[in-house]
Structure formats: structure tokens, C-alpha cells
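2 protein chains.
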Amino acid sequence: MNTDKIRIIKIVQGMMVLMFALATFTVFSTSVLAQSRDPLPSWNEGMAKSRIMEFVEGVAQEDSPNFVPISERIAVFDNDGTLWPEQPLVQVLSMLAKLEALATVDPSLRERQPFKAALEQDSSYFTKEGIKAVIDVVVTTMANMTQEEFEADAQTFIETAIYPRLNQPISNLAYKPMVELLNYLRANGFQTWICSGGGIDFIRLVSEQLYGVPPQQVIGSTLKKEYREENGKNFIWRRAEIDRINDKEGKPVGIDLYIGKRPIFAMGNVRSGGDIAMLSYSQAQAKPSLQLIINHDDSKREFAYQEPDNASLNAALKNGWTVVSIKNDWKTVFYFKYLK
Amino acid sequence: MNTDKIRIIKIVQGMMVLMFALATFTVFSTSVLAQSRDPLPSWNEGMAKSRIMEFVEGVAQEDSPNFVPISERIAVFDNDGTLWPEQPLVQVLSMLAKLEALATVDPSLRERQPFKAALEQDSSYFTKEGIKAVIDVVVTTMANMTQEEFEADAQTFIETAIYPRLNQPISNLAYKPMVELLNYLRANGFQTWICSGGGIDFIRLVSEQLYGVPPQQVIGSTLKKEYREENGKNFIWRRAEIDRINDKEGKPVGIDLYIGKRPIFAMGNVRSGGDIAMLSYSQAQAKPSLQLIINHDDSKREFAYQEPDNASLNAALKNGWTVVSIKNDWKTVFYFKYLK
Numbered sequence: 001m002n003t004d005k006i007r008i009i010k011i012v013q014g015m016m017v018l019m020f021a022l023a024t025f026t027v028f029s030t031s032v033l034a035q036s037r038d039p040l041p042s043w044n045e046g047m048a049k050s051r052i053m054e055f056v057e058g059v060a061q062e063d064s065p066n067f068v069p070i071s072e073r074i075a076v077f078d079n080d081g082t083l084w085p086e087q088p089l090v091q092v093l094s095m096l097a098k099l100e101a102l103a104t105v106d107p108s109l110r111e112r113q114p115f116k117a118a119l120e121q122d123s124s125y126f127t128k129e130g131i132k133a134v135i136d137v138v139v140t141t142m143a144n145m146t147q148e149e150f151e152a153d154a155q156t157f158i159e160t161a162i163y164p165r166l167n168q169p170i171s172n173l174a175y176k177p178m179v180e181l182l183n184y185l186r187a188n189g190f191q192t193w194i195c196s197g198g199g200i201d202f203i204r205l206v207s208e209q210l211y212g213v214p215p216q217q218v219i220g221s222t223l224k225k226e227y228r229e230e231n232g233k234n235f236i237w238r239r240a241e242i243d244r245i246n247d248k249e250g251k252p253v254g255i256d257l258y259i260g261k262r263p264i265f266a267m268g269n270v271r272s273g274g275d276i277a278m279l280s281y282s283q284a285q286a287k288p289s290l291q292l293i294i295n296h297d298d299s300k301r302e303f304a305y306q307e308p309d310n311a312s313l314n315a316a317l318k319n320g321w322t323v324v325s326i327k328n329d330w331k332t333v334f335y336f337k338y339l340k
Numbered sequence: 001m002n003t004d005k006i007r008i009i010k011i012v013q014g015m016m017v018l019m020f021a022l023a024t025f026t027v028f029s030t031s032v033l034a035q036s037r038d039p040l041p042s043w044n045e046g047m048a049k050s051r052i053m054e055f056v057e058g059v060a061q062e063d064s065p066n067f068v069p070i071s072e073r074i075a076v077f078d079n080d081g082t083l084w085p086e087q088p089l090v091q092v093l094s095m096l097a098k099l100e101a102l103a104t105v106d107p108s109l110r111e112r113q114p115f116k117a118a119l120e121q122d123s124s125y126f127t128k129e130g131i132k133a134v135i136d137v138v139v140t141t142m143a144n145m146t147q148e149e150f151e152a153d154a155q156t157f158i159e160t161a162i163y164p165r166l167n168q169p170i171s172n173l174a175y176k177p178m179v180e181l182l183n184y185l186r187a188n189g190f191q192t193w194i195c196s197g198g199g200i201d202f203i204r205l206v207s208e209q210l211y212g213v214p215p216q217q218v219i220g221s222t223l224k225k226e227y228r229e230e231n232g233k234n235f236i237w238r239r240a241e242i243d244r245i246n247d248k249e250g251k252p253v254g255i256d257l258y259i260g261k262r263p264i265f266a267m268g269n270v271r272s273g274g275d276i277a278m279l280s281y282s283q284a285q286a287k288p289s290l291q292l293i294i295n296h297d298d299s300k301r302e303f304a305y306q307e308p309d310n311a312s313l314n315a316a317l318k319n320g321w322t323v324v325s326i327k328n329d330w331k332t333v334f335y336f337k338y339l340k
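Chain order of the listed sequences is A and B. Numbering-wise, full-length UniProt numbering puts 128 at position 128 of the first sequence, and it's gapless, one number per residue. Numbering-wise, full-length UniProt numbering puts 312 at position 312 of the second sequence, and it's gapless, one number per residue.
Source of the hints: derived by calculation from the structure; they are not laboratory data. Incorrect hints may have been included.
[What the hints assert, rightly or not] Result set (SDA-like, lysine to any residue): computed pairs, CA atoms no more than 20 Å apart in a straight line: (1) A:Lys287 <-> B:Arg110; (2) B:Lys287 <-> A:Lys318; (3) B:Lys128 <-> B:Arg110; (4) A:Lys261 <-> B:Gly212; (5) B:Lys233 <-> A:Gln216; (6) A:Lys287 <-> B:Leu205; (7) A:Lys224 <-> B:Lys233; (8) A:Lys318 <-> B:Lys233; (9) A:Lys261 <-> B:Gln216.
[Unchecked claim] One side only, chain B facing chain A, incomplete, derived with CB under 8 Å: (10) Glu149; (11) Pro214; (12) Lys225; (13) Glu226; (14) Tyr227; (15) Asn231; (16) Ile236; (17) Arg239; (18) Ile242; (19) Pro252; (20) Val253; (21) Asp256; (22) Leu257; (23) Ala284; (24) Pro288.
Ideal Cβ positions, reconstructed from N, Cα and C, are used throughout, including at glycine.
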């Protein structure tokens, strides 16, 4: 072999070593970068953030004692008060808007109960009359129409309504720390679901845009529906009858109906104890799991309110659920600047 | 610059050209390979196969006039007779097995109707008495127990039962051409769903293993359920009451309930006209869509049967749905070798 050939071989070998080193370095530096980038920048350091990150890292690492296969990484979230504000409820606003439109066509609605009370925003009437009056308003504003008609109405509301007190469009209402959490879970193989007491069809119209949750991963309350064929067209008809209320004990039932397995991550908020059953259902299984309750304790940046009976925080204390304080755990609440 | 340096530069330049050429060649040959590999090897060439492939390619190509965004690529499949055999129905076998077990504990069941008829496999009794008798058997074998108890029972059946006539375990019953089709659709960004008249909880136990469809993408008939807490445990209780029958006009309602949008691909089979509404619902939308009906016309490799009124084939003819002949369109039916 002559010196030229030997030199070329050495150069080639040297280049290969260099290329290998470069490749290794690239992989290494990317991984360092990924690790050092905070997946939850809107969360303050503290117990809530560390519990979430420890749980997610444990579940996702194959050599961890807490490893859970991807098919079992199901996370469920309440919507109102957990992913966006609930004082007042967005869907109540949408029903009032629809009721106003109906009353313009048929003014007698303004004199008939429970519509009179609803239009005058007399909540004491509903407190006195109970769920029956609420359901009357629900079916009058959301039923006796095709699914497509309902969606068109709701879409118009979503695109034009301004949320009171915060003075923001509906598309701006998502809690920033929760969107970060949803993205972080999905990046670690979780399937993210909404499990709400609200109507399923309304939430499906905002879930993808606001939270990255596709419509088919939304569970909510439902009307009875039927399939109809008329004049060569077919459609789903929304009957004036409640099918299922997806709140309290209805939430685990909804999860069984739509997912068929117990979630390993469940998150709700204080207000009515509506998420206690869902969190208990998630916790009572063999796999590692995490349950969280948001405490609305920030009157400056959001709305401060508590449950009259403290049921959710008591359940959290008893069961070891993680309480998330908006005031202390969230660096930022919304995407928009606060009005002060 | 000395000759050595010039020579090294030239060698490096040469190597870079070579590496680029190699990389290009690799990409090119992989793409040629991908195109030349038949995604549906168990399908004979013919109209059914070409319509499927033209549709899927059109939907998935961004520059095609038929392009549909990934979030809208929803495909729904009937289960019995579409993804596996239905002569006899697997779930009927599972109910009979459970009824036998119950009759061993309580022999009086053998004398009481409709259980006597069921245990003696006297189908004429059910033809005469109708749906009420069938529902009696359904709730007796599948209700009044926790969700976990039902799943344990069904799992044992699935692992041990032998399917008559074909003499095969349940895990061997998937139609090979349909598994290829499901994989092909998923590889092109489709989300694949099962929409069956059968009970949702039974199908969920086989859907992932047999078809690669996760439990949360199964729609089926449901019992009424409730959440209960007892002795520090919580569970879903299966009540002895039908919630929803996911057949005929119930199928579009189930799709609306679980998915919230019209599928662009729907496939069922002849037997009872059970899939006609689902296919009509899929077809009546603005986006490009494809509907298919399997015709069970192969008495040698599967079971030959028709609808008494020919409803499904008539609907296919009228609406331009693609009829899949098992005899002509499928090169192979099952994964196992035929007995004859």
C-alpha cells in the first residue's frame, strides 16, 4: 500500500470519528436543551408543580417503578373553573343570548316563567324552583332543532360574545397554565379528555381551538337525540329531553361510557363538589395516579369563591389530592393582559 | 497551499458529494419501495380495491381536489359481519356460556322462559316473542354486576371459547383483509372507529388486540349504569336496563354522541339493514366520502347469507355505495388455514 492510500484511509477514518462525535454531541445537546426547557413556565415552583412533574416523568420512563404504558395514560379534566372561568358560566351566557333572540320573535316569553326570570337574570327564582326550571331553559334554547342548527347558533355566540368582568372574547378565556399542562401531558404520551357537567356539543366547538382537545375526546351532559330523514336529507334531531347529566356521580359513568377505563390523571376545581366522584374513581385503581383540585382563591387576577360546605377541599385533604392555588401556583392566569 | 492540503480538500469534497448522493438514493429508494408495496395484499384487484385506494390517496394528498384534513378523517366500521363473522354472533355465544354457568348454580333457570329457550338454543321462541325476550337474556347475563365483574367474565370467555363451524379461538376471528384496511387507513391519518349493534363493553375487550382499535374508539349498545361507593371501594354498577341500542337509526345517533361529526368513510355488511342509516349519514355531507357494504357470498371460506328483503344491496345500488364480495374481492378471509 502506498503512502497516498494510507493517508486517505487515515483521513477518512478521522472524518468518521469526527462525524460520529458531532452526531453524538448534537443528540446530547438537544436532550440537555429539552430537559432544561421548563414545560410549565406559567406555574410557580412549589408542591403542585413538583407533584405534576414527578408524576408525569415517572409514568413516562420505562425504567421507573411508576411506568404506565401509553394506552393507559388517560387524563381527564373538568372544563368550567378548571380549563376556563365559570363566574359566570359561558354556556349560561349562550343560553341567555339564545333566549333573547327567541323573545324578539315571541315577546310572550318575557312574561312566562322560567324565561322571565332568566331574561331578567333573577337567579333567586332558579334557586327556589330548582333543576326543573333550569332544564326548561336548557331544552327551550338548545333543543327542538337539528344538530347543525344548534352548532351554527353556538358558533355565532362563540365568535361574537364578550365575557363579562374580564371583557374578553370567548376564544381568549383558556387558563394559560392549563394549556401548558395539557401540552406537557400530550408530549408525554397522555390522551387528554374533557369531562364536564356542561353540554357536550357546546364544548366540542371550542375544545380543539382553545385546548387542543379534539371533539371526540369531550364528555358532557347530553340531550336525547334521534336520526331523521326528510326531503332527501338526513340529520340528528335534538329532542327536548335530557339524556344524561354528566356531573357528580355522573362523571365516572360518563368516563366509563366514553373511555371504558379509569383515568390515571384527573383534575377538577372547587365550587359544587362536582368533581369529587371523578377524582375518587381515578384514584381507586392499582396503577399510579394523580388527582388535583383547583382552588379559586385569586380575587385580583380571576374570581375568588369557595364551596359553602368545603366538600372538595375536605376530600382533597382526606384523600391526599393536590390542591392548586391560583393565587400561589400560577405565575400567569390568562393569555391576555389583566385590566387590573 | 501544498499538494497534501489540496488533495485532502478534494477528498473531503468528493466524500460530501458521495454522501449526498447516497442520502438522496436512500430517500428515493425508500419512497419507491413504499409505493410498490401493496397495502392491501389480501384484496383481489377489482372495483372495490381501486375505489378504496383512490379514495384514500385523494383524501391524504394535499394537492388533491379530494384532500380532507386529518382531523376530519374519521372512519367507522360495523363489527359483526364486517370485521369478524356473525354466524353465529360471538356475543350471543358469550351470553349462552354465562347462562349455562348461572343455570349450574340455579337449575330453575332451565325451566323458566326465555332462559329455557336460550339454553336449548330454540331460536323459534325468540322469533315469536321478539325483542323483550332477548333483552331478558341480555340483562340476566350481563347486568346486576360491577363493570369489573363483567369484564372478568367476558375476558375468560374470550380466552377460552372456540367458535363453532370454524373451530377457532375468538382471537383468531378477525377478517385479514379488514385488518389490512384498518392499518392502511390509519397509515393515511384516519382515526378508525367501531360502531356496532353489539354491547360496547364486550367489543372493547377485543378491539385493540384484534383490530388495533383502542377501547375509547368503540361505539355500541349500552346498559344504564351508575357510580357506587361501598366499603371504601368505588365502582360502576351495571343496571338491568337497556340504555341505548346502537343499531339501524341508533348508529348515526351513537356517532353523534361519541364522535360529534359525520365520518367520511363508513363500512357495514348485509344481514338486517342495520348499517344503512350509518352509511347514509356518512354520505350526506359536503366532504368527499366513501361507503361500503360487505356481501356474504362465500359459502366455502366463510358463510353465505342474504337479507330477506335485500335492503342493504338495494340501498347500495341506489346510493352508489361500493359492494365488497367476499368471494371475489378477498384473496384470503382469515389468518388461519381453512379446514377444507
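- Restraint check for Lys128 of chain B with Arg110 of chain B, where alpha carbons must lie at most 20 Å apart: 19 Å, holds
- Task: Would you check the hint for Lys233 of chain B and Gln216 of chain A, treating anything up to 20 Å between C-alpha atoms as holding?
- Result: Not OK: Lys233 of chain B and Gln216 of chain A at ~30 Å, beyond 20 Å, violated.
- Has the given pair, Lys318 of chain A with Lys233 of chain B, been kept, meaning a C-alpha gap of at most 20 Å? Answer holds: Lys318 of chain A to Lys233 of chain B is near 15 Å, not above 20 Å.
- Classify the hint on Glu149 of chain B as holds or violated, based on whether any CB of chain A lies nearer than 8 Å to its CB. Glu149 of chain B check fails; min Cβ-Cβ to chain A is 14 Å, beyond 8 Å.
- Message: Tell me if the straight-line CA distance from Lys224 of chain A to Lys233 of chain B falls inside 20 Å.
- Response: Violated. Lys224 of chain A to Lys233 of chain B sits at ~32 Å, over the 20 Å cutoff.
- Item | chain A contact restraint for Lys225 of chain B - C-beta distance below 8 Å | 5 Å, holds
- Measuring from the C-beta of Asn231 of chain B to each C-beta in chain A, is the shortest one below 8 Å? 12 Å, violated
- Task: Would you settle whether the hint for Leu257 of chain B is holds or violated, based on the nearest Cβ-Cβ distance to chain A being less than 8 Å?
- Result: Leu257 of chain B check passes; min Cβ-Cβ to chain A is 7 Å, inside 8 Å.
- Task: Against chain A, run the beta carbon of Pro288 of chain B and see if the smallest gap drops under 8 Å.
- Result: 18 Å, violated
- Query: Does the nearest C-beta of chain A fall within a distance shorter than 8 Å of the C-beta of Val253 of chain B?
  - Reply: Check passed: Cβ of Val253 of chain B comes within 5 Å of chain A, closer than 8 Å.
- Message: Given the hinted pair Lys261 of chain A and Gly212 of chain B, is their Cα-Cα distance within 20 Å?
- Response: 17 Å, holds
- Have a go at the Ile236 of chain B hint: is there a Cβ in chain A nearer than 8 Å to its own Cβ? 5 Å, holds
The structure is inconsistent with the numbered hints 1, 2, 5, 7, 10, 15, 17, 18, 24, although it conforms to all the rest.
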